[in-house]
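There are 2 protein chains.
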Amino acid sequence: MKTLLLNKEQVGSLICMREVIGTVEEAYKAFNSNQVIQPDYIGIDLPSPRGDIDFKLGYYKANEVISMKASSGGFINNPTTYGVPSGMGTILLFDARTCALICVMDGSLITGLRTGAAGAVSVKVLARKDAKKITSIGTGNQARMQIRAISEVMKIEEIHAWDSTRETLAKFKADIESEFGIPVIMANSKKDAVEQADILITTTRGKGPLVEAAWVKPGTHIVAIGTDTQGKQELDPELFRNAKIVNDSIEQCIEKGETWHPLVKNIIAKSDIHAEIGEILLGKKAGRENDEEITIFDSTGMAIQDNTTSNRIYRNAIEHDIGSIFEFLKG
Amino acid sequence: MKTLLLNKEQVGSLICMREVIGTVEEAYKAFNSNQVIQPDYIGIDLPSPRGDIDFKLGYYKANEVISMKASSGGFINNPTTYGVPSGMGTILLFDARTCALICVMDGSLITGLRTGAAGAVSVKVLARKDAKKITSIGTGNQARMQIRAISEVMKIEEIHAWDSTRETLAKFKADIESEFGIPVIMANSKKDAVEQADILITTTRGKGPLVEAAWVKPGTHIVAIGTDTQGKQELDPELFRNAKIVNDSIEQCIEKGETWHPLVKNIIAKSDIHAEIGEILLGKKAGRENDEEITIFDSTGMAIQDNTTSNRIYRNAIEHDIGSIFEFLKG
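Line by line, the protein sequences are chains A and B.
Here our numbering runs 49 ahead of the position in the first sequence, where the first position is 1.
Here our numbering runs 49 ahead of the position in the second sequence, where the first position is 1.
Don't take every hint at face value.
Intra- or inter-copy, both count: the list cannot distinguish identical chains.
[Stated by the list, open to error] Pairs of lysine to aspartate or glutamate residues, derived as EDC-like cross-links and limited to a Cα-Cα distance of at most 20 Å, are as follows:
| id | residue 1 | residue 2 |
| --- | --- | --- |
| 1 | 379 | 58 |
| 2 | 51 | 376 |
| 3 | 256 | 101 |
| 4 | 281 | 304 |
| 5 | 110 | 94 |
| 6 | 319 | 277 |
| 7 | 178 | 342 |
| 8 | 181 | 342 |
Don't read these hints as lab results, they were simulated from the structure.
The following block holds chain A by itself, in its conformation from the complex:
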């Protein structure tokens, strides 16, 4: 049994965002085609100032790969005290025909990439065809990933950005303008930014003031990224009352996504959720149907996205003969 080892640099060199959009689309379709087994994830919370680590397991029948992603975050003292990032990741890939370990790769980049790609996949089927302006509430790493991914599927003419920290916002403007050549307008208020949006992306920590329903104009597509546990919230739950609600996984979103909030407030019923995005991609349910409706894509993240994305990286590595081999069974 030969196991391929890939470090962070190699992982980064082996995949581009365009490919990740493809692997995430494949993952969503697989999830709604009875091709996926994703047990509940398990994790351990460490006491503050440490964070947590969780383990997400996914099996995709079509590629016969089982992936397990260990992912840590929130270890705020790591960089200064230990010289390592505040969050790290490792992905194991097993050949599901034998359960042999075929690859161990650094997993630092994949969550960011596949989450960025999720927004772009939703834009393809839920944003207006004439959408030009993006509003980004939150200007951290994931906001950059969303811009990177969405710019692969549409032409972004301008970005209205808002962040509670002016300095972070200015850095975002500089980075995006230099990387993509898209003008970034630093909004004076969250309201000012949201009112401009054809597509609204929320990537905050989910602890700040909400995006109010009255600010969102008809025809807006909302990509709700930041809320992936029950303590977080980014959107006024009233926004869901008349919106077309799409989830990555209904089971996950009603438990820990943005969709949980309007449900517990009885603003919507579970039956008001229009679709899982894989159903739309498969043509089983409609995407956007007119230029007036507000669409919300609630993304909580699924193991199968890690599976298809890391498997593509593994296949690319084999094809280009990149990485090191280690024989764990030697002896």
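Once you've looked at the hints, dock chain B against the given chain A.
Quick look at chain B alone, frame taken from chain A:
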């Protein structure tokens, strides 16, 4: 971040059974000292003739290590069709202070070792001091591990062994006599073997006829290994009625261990379980109290055993400068 890689041969060379008995004893004590977090394990069952893979996660506060063991089994066509074992394993160790990945080691040997050691730890506190004769029902790899471990904690004078396959039994006799110099008597029936026991070890697949209560003489210590899921059973549940019942984890044993059977038949109540073995090792509960009582140790296996054992292997490797370094975060 530097990650140590250890292959199967290195793992085997870095630990001896005497040390594993120590790490398993440490694990049991830790479990009953509020030092352990062990989430439920997650797994995937593949369709026949494939088997399953599961992922067991454990955090031990005292060593500040989080372990994750991926363990597969039952892939019966692996050796002939794919040239790999029917079961394989991989262990990841994380430094719980940062969640940096400090080690990836082959995990093929550890489950066998720590399960063997479990029996020996139970013998120390639950077998009669004058115990000399061991009966082994089941003569596979784990039966050998039990003999190897128990011979570290007592002098075994003879072994009475039984297996449904005579050929397997003869092989066991030859192997044990050559490795340990202990005479092995091949029993003509399960009853004949059990009647001889000071210590009775059951390590079958849990699908055959049961060990009947009437065969077990007073003063016997029973090490019940084979039953780790609800479909398996090795002992007549009547054996539990008047025995001193000890579990590794009550929560696990009442759900999927041998202890589950007498509970569902109302032969015992949960309150009839005398102790978890860690409580005995810590002196919080009594071990064997006289030479007449029948003691049963029901072992279902815990992630914390993998944690303490693989951490010892890792520490030994660092001390002896064995293994390869890989930098996953490079780039």
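Okay, the hints, checked on the actual structure:
no., hint, in the structure
1, 379 with 58, "between (27 Å within a copy, 6 Å between copies)"
2, 51 with 376, "both (5 Å within a copy, 18 Å between copies)"
3, 256 with 101, "within (18 Å within a copy, 40 Å between copies)"
4, 281 with 304, "within (12 Å within a copy, 35 Å between copies)"
5, 110 with 94, "between (31 Å within a copy, 12 Å between copies)"
6, 319 with 277, "within (18 Å within a copy, 38 Å between copies)"
7, 178 with 342, "within (13 Å within a copy, 79 Å between copies)"
8, 181 with 342, "within (17 Å within a copy, 81 Å between copies)"
In the structure shown, no violation is registered for any of the earlier numbered hints.
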